[in-house]
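Q: What follows is the residue order along each chain.
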Amino acid sequence: MNDLFNFRRFVIALKRLFFEKGIKLLASLCLVFSIIAMLLQYIAMINPREYSNTREIVLAFSLVLGPILYVWIISDEHASESKSIAYLLTPFSVLERWLLHVVVGLSAYFSLMISGYKIIDIWIVSGIHDRISSSQTHLQKAYVEVLQELTAFSFEPIFYIPLFLGIIISLTIYIGTVYFKKNVVFYSLITLTVVFLIFFGIHFFVAELIFGEELVFEPRSVFPFGSLVIKPQNTLYRTYNLEPIWTLKKRVFIVFVPIVAMISGIYYRRLKEKQL
Amino acid sequence: MSIDFKKSNPIYVQIAYQIHDKVLLGEYPEETKILSIREQAIKFEVNPNTVQRSYELLQQQELIYTKRGLGYFISPGAKEKIKILRKERFIALELPVIFKNMLLLDMNEADLIRYLEDYKKTIKQKNA
Amino acid sequence: MITLQNFSYSYKKERPIYQDLDLELPPGKVYGLFGKNGEGKSTLLKNMVGLLYPTKGVIKVGNAIPKERKPSFLADVFMIPEEVYIPSISPMSFVRTYGALYPKFSFDHFCEYQDKLDVPETKNLKNLSFGQQKKFYIAFALACNTSVVLMDEPTNGLDIPSKSQFRKLIAATMRDDKIYIISTHQVRDLDMLLDHILIVNRGELLLNSSVGVITEQLAFNFYPQRQEHATVIWQEEVVGGYAVVEQNMQETETPLNLEQLFNTSVMAPDKLKEALLSSKTTVL
Chain G
148 MNDLFNFRRF VIALKRLFFE KGIKLLASLC LVFSIIAMLL QYIAMINPRE YSNTREIVLA
208 FSLVLGPILY VWIISDEHAS ESKSIAYLLT PFSVLERWLL HVVVGLSAYF SLMISGYKII
268 DIWIVSGIHD RISSSQTHLQ KAYVEVLQEL TAFSFEPIFY IPLFLGIIIS LTIYIGTVYF
328 KKNVVFYSLI TLTVVFLIFF GIHFFVAELI FGEELVFEPR SVFPFGSLVI KPQNTLYRTY
388 NLEPIWTLKK RVFIVFVPIV AMISGIYYRR LKEKQL
Chain L
713 MSIDFKKSNP IYVQIAYQIH DKVLLGEYPE ETKILSIREQ AIKFEVNPNT VQRSYELLQQ
773 QELIYTKRGL GYFISPGAKE KIKILRKERF IALELPVIFK NMLLLDMNEA DLIRYLEDYK
833 KTIKQKNA
Chain Z
10 MITLQNFSYS YKKERPIYQD LDLELPPGKV YGLFGKNGEG KSTLLKNMVG LLYPTKGVIK
70 VGNAIPKERK PSFLADVFMI PEEVYIPSIS PMSFVRTYGA LYPKFSFDHF CEYQDKLDVP
130 ETKNLKNLSF GQQKKFYIAF ALACNTSVVL MDEPTNGLDI PSKSQFRKLI AATMRDDKIY
190 IISTHQVRDL DMLLDHILIV NRGELLLNSS VGVITEQLAF NFYPQRQEHA TVIWQEEVVG
250 GYAVVEQNMQ ETETPLNLEQ LFNTSVMAPD KLKEALLSSK TTVL
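Residue numbers (our numbering), protein chains in the order written: chain G, 148 to 423; chain L, 713 to 840; chain Z, 10 to 293.
For the record, the hints were derived by calculation from the structure and aren't laboratory data.
Watch out, some of these pointers could steer you wrong.
If you anchor each label on the Cβ, the simulated ranges turn out as follows [unchecked claim]:
no.: 1; chain 1: L; residue 1: Lys795; chain 2: Z; residue 2: Pro278; range: 41 to 49 angstroms
no.: 2; chain 1: L; residue 1: Gly781; chain 2: Z; residue 2: Ser173; range: 27 to 35 angstroms
no.: 3; chain 1: G; residue 1: Val363; chain 2: Z; residue 2: Glu77; range: 52 to 60 angstroms
no.: 4; chain 1: Z; residue 1: Met101; chain 2: G; residue 2: Ser262; range: 55 to 63 angstroms
no.: 5; chain 1: Z; residue 1: Gly37; chain 2: L; residue 2: Ile803; range: 38 to 46 angstroms
no.: 6; chain 1: G; residue 1: Phe152; chain 2: Z; residue 2: Lys69; range: 23 to 31 angstroms
no.: 7; chain 1: L; residue 1: Lys833; chain 2: Z; residue 2: His194; range: 51 to 59 angstroms
Straight line, CA to CA, 27 angstroms or less: simulated DSS-like cross-link-like pairs of lysine-lysine [unchecked claim]:
no.: 8; chain 1: Z; residue 1: Lys79; chain 2: G; residue 2: Lys421
no.: 9; chain 1: G; residue 1: Lys421; chain 2: G; residue 2: Lys171
no.: 10; chain 1: Z; residue 1: Lys172; chain 2: Z; residue 2: Lys125
no.: 11; chain 1: Z; residue 1: Lys79; chain 2: Z; residue 2: Lys187
no.: 12; chain 1: G; residue 1: Lys168; chain 2: Z; residue 2: Lys79
no.: 13; chain 1: G; residue 1: Lys162; chain 2: Z; residue 2: Lys113
no.: 14; chain 1: G; residue 1: Lys230; chain 2: Z; residue 2: Lys172
no.: 15; chain 1: G; residue 1: Lys328; chain 2: Z; residue 2: Lys22
no.: 16; chain 1: L; residue 1: Lys799; chain 2: L; residue 2: Lys836
no.: 17; chain 1: Z; residue 1: Lys69; chain 2: G; residue 2: Lys421
no.: 18; chain 1: Z; residue 1: Lys125; chain 2: G; residue 2: Lys421
no.: 19; chain 1: G; residue 1: Lys230; chain 2: Z; residue 2: Lys280
no.: 20; chain 1: Z; residue 1: Lys135; chain 2: G; residue 2: Lys162
no.: 21; chain 1: Z; residue 1: Lys125; chain 2: G; residue 2: Lys419
no.: 22; chain 1: Z; residue 1: Lys22; chain 2: G; residue 2: Lys421
no.: 23; chain 1: L; residue 1: Lys755; chain 2: Z; residue 2: Lys172
no.: 24; chain 1: G; residue 1: Lys230; chain 2: Z; residue 2: Lys79
no.: 25; chain 1: G; residue 1: Lys230; chain 2: Z; residue 2: Lys187
no.: 26; chain 1: Z; residue 1: Lys132; chain 2: G; residue 2: Lys419
no.: 27; chain 1: Z; residue 1: Lys135; chain 2: G; residue 2: Lys328
no.: 28; chain 1: G; residue 1: Lys162; chain 2: Z; residue 2: Lys187
Bear in mind that the values here come from a model prediction, so they are computed numbers and not experimental data.
Glycine residues also receive a C-beta, built at the ideal position from the N, C-alpha and C atoms.
Go ahead and model the full structure; you've got the sequences and the hints to work with.
A: Now the structure itself:
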């Protein structure tokens, strides 16, 4: 028997997840989808002009916050001692458990989430389109631009940030289930927020060391690896926006990929070393 | 089925005695196959090793024997041997208690015989 | 074979539960593990199965190190905790999914054991009561046919007929290559099934002896009066007289009284050890 990975065992692990949590997972996805659909439909009915902006915010939020419930359901194996015993003693390897949660679980969520979102988006856009074509022609003209944008919509690099944030939150909750017995999501998110704030603080602190009084304290300046707002001393009113040399896409990958690798590595270790 | 093991003999001896009783009562005639060690253990809810000890004791007393691959069987003449064993035990352990009580209660041999006759009568009536 | 070398365990550094314990448990036996509540019975079992890691020393089960929790090890041990967790799925999905993970699992045996323990039919295991779930789990655990089965208070929550069936199942499934360890404080439920007694108290192994040696060396007697001779190891007043544990001077043996043995091991541990050490036969 291979103690690291065995395909047959992995299939059983998948089966187990499906039998024991399939319905709950589906329900959590449906919940996220219905919230998205309701929000988008509401905006599309009330103010179609704002639709293209709103849907981006909605997508960002559903990537960041959407997986919370789903991930908690998957990893909820240690809520009680007897539950934890049953899980830890089931003959799966650490790698199989990790792959199931991190790789299969997360890729299933995000691919389902993005494709579900696409379907909802197409459905709503076609609704807007129908309404426009049945009304006056001058309105139709006004919407042409928006519509082109809508139909040309693709998953742009700007969404990598919420996607990675969503993955980081998911992994944090996974790790949280190993540490906390109750209120896992709450404690995990608090911990993550604290870590984020520390990073923001370090970033701002370093920026202030370098620029001193010239640094302007505003939200844009706080984000690590983002831009800095500077007001040179010899100018009275003008502020300057210092942009990093790398493109957004490059920065996202350079920053987030190591973080995700590190956190998922921590999860592997915690799974391996988990005691009652 | 489980037996009352509260008497002052170890369990393995009690199981052996129970088999003695079955032979004496004619439930196990000579050459009958008796339950295997595991079956007996399940029946009495005891450890198979305990029954193993009982069977070893019974083999020592030459009351059972093994046929290879077939199991345990009651030896020829087992009933007579048990009677002898039991008689020895009765004389050594149980009679002294009776005698001690008789002396304490001022009873004599004649009383004993009378009660024995009464007992025989009731047994006969019961069987009739 | 389960071996513990130099085994120490503590939840908190200042209060160790076990300290430098050496123990060897050969296969083919039913071990009874006794101790007061909170004296580390479950802790010992959890260490043997890799749910807790020794703070010091090594535990080996066969050739495996439990704390590594390799699938090949996990597929050959089973632990029945006092409170079992059963997912809310149908019995058939449970048995098919989990049974596939244990190479020696037998579906026929499972059906037989389930039948004997009188587990009712149900569409979802969550509909079963606590005791019924436990019986279902016991039937499954024994049908997995693992080399090591650790049971923590297995008879808790079982009704009277099930306790009897449970004993029958233990007798029926015990094999020379298996190790059963039953941790309990219900001394009367299981005493006749045991080959070997382990008693722990305050992290110390007070007794580690086979039932054969115990009954050979010790006599469990009842006297109307208090006994004063030197062979008495421990006595206590009970209804109608004194329950006495003494050195066995006779050729014959008395039946093992676990309750008395337990009290003796706690109250007079040194005298008890001395009496058992005088055994001429080997301890194991």
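Q: Which earlier hints turn out false for this structure, listed by number in ascending order?
A: Structure breaks hints 4, 18, 19, 21, 26, 28.
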